[in-house]
Structure formats: C-alpha cells, structure tokens
Amino acid sequence: MSVSRRNVLIAGSAAGAFFAGGVRDPALALSDGADIVEGIIGATAIESDRVLLDLPAAFPNGATVPVLVAVDTPMTTADHVRRVRLFAPRNPIVEIMTFGFEPELSLPRVSARIRLSEPQYVIAVAEMNDGAALLAKRFVEVATNGCPSQ
Amino acid sequence: MSLLHPPRVVAPASVAAGEVFQVKTLIGHSMETGLRYSPDGTVIPRNIINRFVCRYDGKVAFSVDLHEAVAANPFFEFYLRATKSGVLEFEWSEDGGAVYTLARDLVVT
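Taken in order, these protein sequences are the chains called A and B. First residue of the first sequence: -5, per the working numbering; consecutive thereafter. First residue of the second sequence: 2, per the working numbering; consecutive thereafter.
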C-alpha cells in the first residue's frame, strides 16, 4: 500500500478513535480488587443493593475524597448491621476504616473523607448480624495521589 | 504536633423521643500515615487517630476504627435515635495513647 495522504489520514483517525475509546472508561481496564478484600475479611462477600456506597466518579484531590455509606436495614435486634468496612485495594494500605453500629441506637448511615492513591474501585463490606457479608463498590478517578511519600 | 485543632461536635441540645438526629464531629489532626519521608530521608513516624467512639448515656452507640487512608482532619457525620435524656460522650484515641474527649448534654422531650 502506498503511503498517500489519504491513507495516513484514515489510519490516524482510526488510531484516535481507538485511544479515545480506551481512555473513556478506565474502570474496564482495572480489576475491582474484591479478591484482595475477601482475603482480608476471610469470607465471601455478596454484591448487594442493600449497601449504598456513594463517592464522586471523578475527584481532583486524592487526599480528601468524600464518601457516604448506608445500609438498608431496620436496625432491630433481629435484623441489623454490625460493622461496615471500607477498602481501597490499590492503596499502599488497603483498609480505610470500619464503622461500628448498635441496634436501636444508631442508624447505618455515615459520611467521612478518605485518601486514595490512584484511580480505583472503593469497596464497602457490611457485616450483618446473621453473618452475611454484603458488598458494594464504586469506581473513583482521582487526579492526585492522596498517599504521597513526600 | 499532630493535633492541629481541638475536636468540635455539632449535635442538637434537645430532641423528641424516638426521633433520629444527626451528629457531626471534626478533629484537627494531620493523620500522618508513616509512608512519608522528611527532606533528609528519614521516615516520618505514623501518628493517626486510630479510634473514635460516641457513647450515648454510657453505652457505645457508634464507633470507628481508623487506618492510614482516613483523610487528615477526620470528619464524621452519623445518625442516632433519641431514647432518653443523657450525655453524649465523644472520644478520639491517638497513636501513643493520647485521648481527646468532648461531651454534650442531650434532652429528650
């Protein structure tokens, strides 16, 4: 094939479309790290709609990313959540924090701020009183490293 | 110093019985991760708030175990259910054993 102006233009636009498509969804290229989290908690976690994990899809500052986590449960003695654990599988230290709740006294809804070192899935695991581990995950793209070495 | 500002709490002074109320807490703390190096190449030792507890009328109502990935100046917004009048006690424990506390009276009507 001769290198004509037309062929160069066609090849260039095809490559451009390929890279644009790749950049548009970095979440697809990354594993969610759920296997790392299951190794830490020592149990199999089931993805569930009862756990709400809300984080911005993209955030400029990795040092202070807002997070909201809530669990759908009546918080009675018979049906409540004991703990909610947060994980960042691609951080240098994977565990972020653990919230402890008490039936009748507290509601399972908390806002806080976390550090993320790079774009990744954040994972919440709710440990229910019947022993079930319910999981929710959200992909967050941070622009700066929240765990710097300087 | 790792404590940058003493703790602050926003909680209602009185609530109707059975109502859910919001509590917001903040402590000014650098949350030094232990992953950082000073300019002369030595590791800056870890110094974080590692536990937060909120007691309502003497009973633990809400608690947090904090690790290195909690942002500096740990902030929490959480929700409690009003049962009876009592004291809300807040306690932040720092690496090395220092404890910072705050208390608020709650009247349940």
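Just so you know, the hints here were simulated from the structure itself, not pulled from any lab data. You may find that some hints are simply not true.
[What the hints assert, rightly or not] Output of the computed footprint for chain B on chain A, the stretches with three or more beta carbons under 8 Å from beta carbons of chain B:
hint	stretch
1	43 to 52
2	55 to 68
3	120 to 130
[Claimed, not checked] Among chain B residues calculated to face chain A with C-beta under 7 Å, some are:
hint	residue
4	Val21
5	Phe22
6	Asp41
7	Ala62
8	Phe63
9	Asp66
10	Phe77
11	Glu78
12	Ser86
13	Leu89
14	Tyr101
15	Val109
Remember, it's a predicted structure, so these values are computed and weren't measured experimentally. Cβ coordinates follow ideal geometry from the N, Cα and C atoms, glycine included.
Hint-by-hint comparison with the structure:
Restraint check on the stretch 43 to 52 of chain A versus chain B: 0 residues with Cβ-Cβ distances below 8 Å, three needed, restraint violated. Note: the stretch 55 to 68 of chain A has 3 residues with beta-carbon separation from chain B under 8 Å; the three-residue rule is met and the coverage holds. Coverage of a stretch by a chain is defined here by at least three residues with a beta carbon nearer than 8 Å to that chain's beta carbons; for the stretch 120 to 130 of chain A and chain B the count is 0, and the condition is violated. For Val21 (chain B), the interface hint holds, the least distance from its beta-carbon to any beta-carbon of chain A being 6 Å, beneath 7 Å.
For the restraint placing Phe22 (chain B) at the interface with chain A, the shortest Cβ-Cβ distance is roughly 10 Å, beyond the 7 Å limit, so the hint is violated. With a least beta-carbon distance of about 12 Å to chain A, the hint placing Asp41 (chain B) at the interface is violated under the 7 Å criterion. A cut of 7 Å between beta carbons decides the hint on Ala62 (chain B): the least distance to chain A is about 4 Å, and the hint holds. Against a cut-off of 7 Å between C-beta atoms, the interface hint on Phe63 (chain B) holds, since the closest Cβ of chain A lies about 5 Å away.
For Asp66 (chain B), the interface hint holds, the least distance from its beta-carbon to any beta-carbon of chain A being 4 Å, beneath 7 Å. Look at Phe77 (chain B): its Cβ gets to within about 5 Å of chain A, closer than 7 Å, so that hint holds up. Hint on Glu78 (chain B) holds. Least Cβ distance to chain A is approximately 4 Å, under the 7 Å limit. The beta carbon of Ser86 (chain B) comes no nearer than 15 Å to any beta carbon in chain A, farther than 7 Å, and the hint placing it at the interface is violated.
Hint status for Leu89 (chain B) relative to chain A: violated, with the closest Cβ pair at about 11 Å, above 7 Å. For Tyr101 (chain B), the interface hint is violated, the least distance from its beta-carbon to any beta-carbon of chain A being 18 Å, above 7 Å. Checking Val109 (chain B) against chain A by beta carbon gives a least distance of about 13 Å; that is not within 7 Å, so the hint is violated.
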